[in-house]
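Visitor: Each chain, written out:
There are 2 protein chains.
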Amino acid sequence: MVDTIKGKAVIFTQGGPTAVINASWVGVVQGLMLNSDIEEIWGAINGIDGIMSENFVDLKAQTAATLQDISYTPASQLRSTRKKPNADDNNKMLDVFQKHNIRYAFGIGGNDTSESLDIINDAAREREYELRVFHVAKTVDNDLMENDHTPGYGSAARYVANAFRGVNLDNQCFGGLYIGVCMGRHAGFLTAAAALGRTSPEDGPHLVYLPEVPFSLEQFAKDVEAVYKKHNRCVVAVSEGIEDDKHTPILQVLAKDGQLECDSHGNVQLSGTGALADSLVNYVKEHLEKAGVVKKLRARGDTFGYVQRSFPEQSPVDREEALGLGRFAASCAQSGNIDGSCAIVRVSDEPYTSEFKLVPLKNVAGKTRRMPEEFIAPTKNNVTEAFMRYGRPLIGEMSPIGLLDFSKKVKI
Amino acid sequence: MVDTIKGKAVIFTQGGPTAVINASWVGVVQGLMLNSDIEEIWGAINGIDGIMSENFVDLKAQTAATLQDISYTPASQLRSTRKKPNADDNNKMLDVFQKHNIRYAFGIGGNDTSESLDIINDAAREREYELRVFHVAKTVDNDLMENDHTPGYGSAARYVANAFRGVNLDNQCFGGLYIGVCMGRHAGFLTAAAALGRTSPEDGPHLVYLPEVPFSLEQFAKDVEAVYKKHNRCVVAVSEGIEDDKHTPILQVLAKDGQLECDSHGNVQLSGTGALADSLVNYVKEHLEKAGVVKKLRARGDTFGYVQRSFPEQSPVDREEALGLGRFAASCAQSGNIDGSCAIVRVSDEPYTSEFKLVPLKNVAGKTRRMPEEFIAPTKNNVTEAFMRYGRPLIGEMSPIGLLDFSKKVKI
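These protein sequence lines are chains A and B, in that order.
For the first sequence, position 371 (counting from the first letter as 1) is numbered 371 according to this note's numbering, and the numbering increases by one without interruption.
One gets this note's numbering by counting positions in the second sequence from 1 and adding 1000 to each.
It is worth saying that the hints were derived from the structure and are not from the lab.
Any given hint could be a false lead.
[What the hints assert, rightly or not] Partial list, computed: chain A residues near chain B (C-beta under 10 Å):
hint, residue
1, N22
2, Q62
3, F164
4, A277
5, G366
Cβ coordinates follow ideal geometry from the N, Cα and C atoms, glycine included.
Kindly produce the complete structure, drawing on both the sequences and the hints.
Guide: Here you go:
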């Protein structure tokens, strides 16, 4: 026999947007519509801020067509917040839940959200208020424990793979150095996705630098030099989170080295989005020119920025899993007085299949998953074939690339 | 009666890549296959450098499948160069043409390429060597005279519209300021395309700054302040080429103002890709915080960089016109001893139709087309509905966007 409890449900989204966060909450709504215990489905506006200020929108009152279109829309129509609740906030939220007989809470977010939900859950138990609390995994960083991968990652990875596929072909036209800096401060999954755009062994990114690996400027310059000597060009993917062996961010290392831009007061500028890419480009350019490898290096750096997580093109697998994980969370709410974090498990690589599981909130709360060693090349400046097998199914089909057959050279 | 001349054809691509430059030269090849006077079709590798060094690939020897795939591939499989030929270079090229009985030359590029072809053409006439020379328009900047728009622009504009559509929804989640810097040093067409991603009057970009309009930092800060007060957020599209009323690049103005980053020697850093976005963000942040509009402004800046011109997703119209313009150029080569630049003319907006025309090389050579006044809002910080009508058909359909119906707010 399953315990039932009649009441309202609240859905909220937290943290940085992804291309499929809306798909996840639409999935929750779809799932909850099958549950007659759910009296109302409210969306909190701006995450937990909306709960505390009782700022809700009626999700059952949205048209089916609106919900369908929203499921294709990047970022979160429920808006977001980065607020971490303190004890007072938790009490305030519980007061709101009790006042409106909200018995079901669905938080779509990363490990912070799982942690917040866990704390709220404990507080509800103390009050002996029955609350069913579910965390629905979400992050482009792909850094949640218990998950093979997280909704949001596949679409962001698709964008990064496509962007590098394009800039690699662009770089081929003129030669020279190109550095692209990707999101992911602590986990290298998104930077690694740059490699998924390759179509041949000559394709860039020729080098991939992950935050999991201590970064050395000297080794970096040597790596680029070796690739440049071979291909007359070099495309590099770099994580924004690279640090040296003492965990000093590379921008700070460059600053000590006198390589970094300073502001008008002579202060080091760390926050600028373009600073890391520009500084790395300047560093390598100086090195290769001084070493006489090339007289004047054509060198460019881009920082991919916010477009990575919000580009309006979902990976089909990512979209399906985001919707599915939302529906799965809703179905769990029917299984008695339980709570947990909804995660994705891979069943097989080829053909790719996955399933969903419910794990304790504490297993995900506040922890960070990093790239496993088997995904990082022994040379530490690239990814492995194991990563390629892992990543390929998540980003979906890419458009065809045609390469000129240079064996048909005209003999003069 | 049409003059015929038997001989070889050479195709080459010059300047910055686009998403459809390959489609254009594949179009030329397709067209030339219908002409029995064409004995061979050679592709010069790296533009005019390949002509001078007799570095050719046999394009007739490529498989049909390869050519088809290449037509979908961004950048140029024939590679590129930015070299402008001098008198010696022109003579060298003509020597190569005469040596191999090359009678047809197709250059795909911008106004520089048109100029180069015009000069080669004059030199051939002097030698009384019959050469049929065609320029095929290409540039993401969309700044060629005689063209309604140029192949390459539609796909780059599609990318910029999509990117802004995404970052606008992202910005909506948290509020604050977002500035995106777009390509286009002298013409604002690509920056203007940011507006094509809007789905409602509240959508960003709320402000669009074009290189055609003198830029004032003070007015810029006021504009952002007004939008921020209304929407609690502001999304801005800025051209990399903005200048003040004395034609000083804004980065230099910011430098004088002490706002700009300097390198370790105290020199102003102008070339860094992230510098303009970062500096504008800092400028406005300081202004809004000092003015007490907001205590701590959430402010982000991205520079869209090379991905704009090489993202592997073609606008369908752009693709079709690029192929078509290439075929048109090939067909012109059958019409006697002529030469010229192949351009696109718009016939109607709705339904959108266009046609091709051949114009004198000199009409396009070395000239720059800028945004017409009717496309620039009287406020000078936005585009007009006329621009939207102009741009919309060029980028193709965009994926659906769903907006939450906030009129269904829960009454507490």
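Visitor: Under the constraints set out in the numbered hints, which ones does this structure not fulfil?
Guide: The structure breaks only hint 5.
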